[in-house]
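**Student:** According to numbering that gives the first Met the number 0, the sequence shown is numbered sequentially starting from 0.
Nothing false has been slipped in among the hints.
Using C-beta positions, here's what the derived DEER-type ranges look like:
(1) Leu322 to Leu73: 33 to 39 Å
(2) Ser90 to Pro292: 33 to 39 Å
(3) Thr316 to Val374: 23 to 29 Å
(4) Arg267 to Pro239: 39 to 45 Å
(5) Tyr213 to Ser272: 45 to 51 Å
(6) His20 to Val374: 38 to 44 Å
(7) Val374 to Phe329: 32 to 38 Å
With a straight-line Cα cutoff of 20 Å, these simulated DMTMM-like cross-link-like pairs (lysine to aspartate or glutamate) come out:
(8) Lys360 to Glu214
(9) Lys151 to Asp22
(10) Lys54 to Asp185
(11) Lys54 to Asp268
(12) Lys151 to Glu214
(13) Lys360 to Asp145
(14) Lys54 to Glu43
(15) Lys151 to Asp299
(16) Lys54 to Asp115
(17) Lys54 to Asp182
In short, the hints are calculated from the structure, not lab data.
By construction, the Cβ of each residue, glycine as well, lies at the ideal position given by its N, Cα and C atoms.
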Amino acid sequence: MSAAARPTATAMPVRYAKDPHIDRTLRHSVRDAVAHSAMSGAGESFFSAFALFLKATNAQIALLASIPPLLASLAELVSVWCGRHVQRRQSIILFGAYLQCFLWLPLLALPLLFPDYAVPLFIGVIVFYQATSHLIAPQWSSLMGDLVPRRKRGRYFGMRTRYATVASFSALVIAGSVLHWFDAQDATVSGFIVIFSFAAIARLVSAYHLSRMYEPPRSVELPSATLNLQAWTRRFRNSPAVRFSIFYAGFQATVSIAAPFFTVYMLRDLNFSYLEFMCVTATSVLLHFVSLPTWGRISDAWGNRVIVVVAGAIITTFPLLWLVSTNIWFIIGVQMLSGICWSGFSLATTNFLYAAVPAEKRCQYLAFHNVLGAVGV
0 MSAAARPTAT AMPVRYAKDP HIDRTLRHSV RDAVAHSAMS GAGESFFSAF
50 ALFLKATNAQ IALLASIPPL LASLAELVSV WCGRHVQRRQ SIILFGAYLQ
100 CFLWLPLLAL PLLFPDYAVP LFIGVIVFYQ ATSHLIAPQW SSLMGDLVPR
150 RKRGRYFGMR TRYATVASFS ALVIAGSVLH WFDAQDATVS GFIVIFSFAA
200 IARLVSAYHL SRMYEPPRSV ELPSATLNLQ AWTRRFRNSP AVRFSIFYAG
250 FQATVSIAAP FFTVYMLRDL NFSYLEFMCV TATSVLLHFV SLPTWGRISD
300 AWGNRVIVVV AGAIITTFPL LWLVSTNIWF IIGVQMLSGI CWSGFSLATT
350 NFLYAAVPAE KRCQYLAFHN VLGAVGV
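Use the sequences and the hints to build the structure in full.
**Tutor:** If you want it as structure tokens, here you go:
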């Protein structure tokens, strides 16, 4: 047989599930993750920078970092309630996704149309913007828990996270470069319009892929699975998950003391350009991506608790490291370490919750877990 006639081996596409409907749905979920991460990288990464452009004070920056997550997290409780009265989880997910897409318009327009109230209006819109994410979160977690085969969850979500991180990093770099160019032309407003418009389009693409996902029959969730404060108190001594949520809220409280002000410090005190700001921010995102597979192997070998303890202990030192030097290369080095440690901490905390909480209680529990974390912030 000639070489031309000899059959050639072709790479078989990766299959995420045997059921073709679920396999196709999980592919749409990956594309959703890529588009959503592009929105986050090009848009959400520059919220604090936009607030500073609007002349926000230090107190207003602190409010921007704390009030929206706290108020918006209550939408998770609304989501859980809606989930018991709406037959399809996808209806709630799509409502939140499309609403978030269209909220980019007032998010950008209101501060520019009413400059005297720019910062309060911006914070107000951010509350509703973040509420849409919290509205989606419990239903999305429940849906994906039913879609992804248990034995493939680690591999699938690891791969999905890697694609998402690449998209976030790429969007962040492009948006930062675009904003820097417009700022050099004394047209900073136009730069924000461009990158926020791109973020809105990316969210629209994300919503489209969410709409193409197949929703399997819902896993049974018992009425007794609904969590409340009394249940948490009653189960505290015997529930590692509840104790972990309290630890997580306390950890969020401590890191959030300094977290809102790193952007202020770079742009206002160190007079970093938007390009330098982008480089510092992107470094953390890049190292988050690069170190993720290693953390996954450590998690499989040593468990999640070790990662939480080690990475969490190192994370607490980062504000002190920022006091050592104002040199941008030193700060980039700190961000490299930050990206590595936050990568492990985020992976381990997520894996711990999925392992500690039964599937039938996951939707309700994650809602209360996130609300408690927002209270800490």
